[in-house]
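Colleague: Chains as they are written, first to last, in this note's numbering: chain S, 907 to 1123; chain G, 907 to 1123.
Everything labelled a hint here was simulated from the structure, so no lab data went into it.
Just so you know, these numbers come straight off a predicted model, no measurement behind them.
Hints are all accurate, no fakes.
Identical copies go unnamed one by one, so any copy, or any two together, can satisfy a pair.
Derived DSSO-like pairs (lysine-lysine); straight-line CA-CA distance at most 27 Å:
| hint | residue 1 | residue 2 |
| --- | --- | --- |
| 1 | Lys978 | Lys1115 |
| 2 | Lys1023 | Lys951 |
| 3 | Lys1062 | Lys1115 |
| 4 | Lys1100 | Lys978 |
| 5 | Lys978 | Lys956 |
| 6 | Lys1062 | Lys980 |
| 7 | Lys912 | Lys951 |
| 8 | Lys978 | Lys1014 |
| 9 | Lys1104 | Lys1062 |
| 10 | Lys1104 | Lys1068 |
| 11 | Lys951 | Lys1068 |
| 12 | Lys1014 | Lys1115 |
| 13 | Lys978 | Lys1062 |
| 14 | Lys924 | Lys912 |
| 15 | Lys1014 | Lys924 |
There are 2 protein chains.
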Amino acid sequence: MSEQIKIALADDHNLFRKGMEELIEDFDNMEVLYSVPNGQELINKLSSGKLPDVCLLDINMPELNGFETARKIKEQWPDIKILAVSVYDSEFNIIGMLRAGAGGYILKDAQPDALRKAIEGIYENGFYHSELVTGKILHRLISQPQEVTTTQLNEKQLEFLKLCCSEMTYREIADTMGISHRTIDGFRDQLFEKLNIKSRTGLVMYALKTGIATLDT
Amino acid sequence: MSEQIKIALADDHNLFRKGMEELIEDFDNMEVLYSVPNGQELINKLSSGKLPDVCLLDINMPELNGFETARKIKEQWPDIKILAVSVYDSEFNIIGMLRAGAGGYILKDAQPDALRKAIEGIYENGFYHSELVTGKILHRLISQPQEVTTTQLNEKQLEFLKLCCSEMTYREIADTMGISHRTIDGFRDQLFEKLNIKSRTGLVMYALKTGIATLDT
DNA sequence: TCCTGATACCGTGTTTTCACGGTTGATAAT
DNA sequence: ATTATCAACCGTGAAAACACGGTATCAGGA
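Using the sequences and the hints given, assemble the complete structure.
Modeller: Encoded structure:
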């Protein structure tokens, strides 16, 4: 037990954060350097000089969310390791945090032992990937042609949804699909109805949420 | 130890295949149903009626390679689990086999214990992912295109971007932010300029790509 | 003091988006 | 043979989004 792993916490749920502090202090090889309610304050603390080895970041925080915080930390202090802690296990969140610089991702309902392993793994190797993460990500990668999974949308509608996730106007989408822009109006209205959506923005987010379209260009 | 896991082997390297047979027979909870030198013969065997629980497939085989074999097996007998066994650890091979339907991927130089775990994992859960696989794939996913640029945006702009990822109109966004809708026009035009974007859809995707906004609702 | 830049705001006009209510033709169903 | 259904299409008008060119205020600098 040569050295203590120094930890910083950022989570806007105070009760949860305090609980985490207790938990971590109980592990004999780590200590909590400080704990703050949002990303901005974490950045401030880091700027003040005392640097932790590992930061535990919640994703949904006011001021500066987990993604932005992770990116900023990695920009300024690339040696600090980041572990994302979240209630959400969506592929989008997981991949986003990993891309933002997190070395691992665990859920808030994880067992203390899993937390400990994650922190130790990240401290030693820079990363730690639980079954959850690998499962989700493999699933995403493997199920590339995911047409089957989604609700009862036909080929045209799926193509339309994908094209909606671009800066094309409906007219331009119609042109690239080789159909009348009136028909596109039809597709749109149909989807609005079926998916309970009222705007193109809604369509875009639906397409991304369901994986019909992706953000990686 | 209620039931034996029934295994089928397909690999054109006879010596290796025989070795595998020995190895598997030594495990007390599994048995080799049959072993063949290529994918086509495996398909033939399967068609004859005696079905294994798990197929171990080499990738490079004459007649019918691992990819095609896996796909065919999954088409006709979706319940049969597939473990890819290969000397190659390239992302292409790994991802290709997983997409073709394999539930796991191990290297030929793996330890017997790893093989056993892989087979058991695939038999029980339908998948087994070693460190190797997850490492390769995570690497590929994470090191994809990512906007490192992180243009400097102020608080208001960030808040605006987040609100853009909803079905609110700009007027409604202005109301919730407590400023004039004209000012919102300003924010929008400013961001269009700065980020080289031409539409609200573009803003939404930028916000999601950079993690400024998230999709979880 | 004058100048600059940033922020919040406004007016006008065009294009795009969205809502609503249609038509046609092909295909399947009774 | 008739009905139903569906995909593709169209017209009109209102609302929203976007483009462009403004004003007023305030906070530094030179």
